[in-house]
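Chemist: Using the sequences provided together with the hints, build the complete structure.
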Amino acid sequence: MAKDKSHNQRPEEGAEGNNAVGTDQPDSTRRKLTKAGLVAPVIMTLASTPVWGANCTMSGQMSGNLSNPADDCGGQGCTPGFWCNSEGSWHPDFPTDALFNDVFMTNAFPGCTLFEVVCQVDDSLPDCEMNVPGGCSPQNTCENLLRQLGFHAVAALQNSASSVSYDLTINEVISGFVNAYNEGSKAAFESSKNAFASFNEQGCPLANDNSF
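Taking this note's numbering, I'd label the letters of the sequence shown as residues 1 to 212.
Bear in mind the hints are in silico, worked out from the structure with no lab data behind them.
Mixed in with the good hints there might be a few duds.
[As the list claims (entries may be wrong)] Below, a list of computed lysine to any residue pairs in the SDA-like style, where the Cα atoms sit at most 20 angstroms apart: (1) K186 - G134; (2) K186 - Q148; (3) K186 - G135; (4) K186 - N131; (5) K186 - N140; (6) K186 - E143; (7) K186 - G203; (8) K186 - C136; (9) K186 - Q139; (10) K186 - G111; (11) K186 - P138; (12) K186 - N144; (13) K186 - N107; (14) K186 - E129.
Modeler: Have a look at this one:
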């Protein structure tokens, strides 16, 4: 389901990278989207912050037993809005033009770069499609949840690879998305999306950097 680029907007830029919808379109020249590039996931080679405890893991956050899931984890996290507006802060092993499916090893967003997935707004996906597992229903709800899961997963990936004191490792972020997508249910999408969001919204220590 290809989308018109003219409908794609960035989340608003803010001190902590809010996820609110903005009015500026992504600058395709600064993104240097190649789509032909192949980037292998660097899962085991990058140092990542260890988790703080059982509640500060994907499974702990997905238990749903905590009123403020990540409050006691002690980490930091920058939102999808921050990473959409801060290309200069992206880790070189996971650049803006890396294809989402090459990094996350699924067929969730064929043709989409990491940057496009983290900058998507509403149902706008420029130059790519979204594959919702056939068993997920209702379809519209599953599409919306997969879209949200995707942009929170990209933000989590950048957080885990960067200097942010993040509670998840790169491997946990990638496997968290893969497990939810392979399960392919509304419940799996929603619980994983909420878990990523709780880690991504703990407070961003980085300044916006839209240099490229």
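Chemist: Among the hints numbered above, which are violated by the structure, and what are their numbers in rising order?
Modeler: Of the numbered hints given earlier, those the structure breaks are 7 and 10, listed in rising order.
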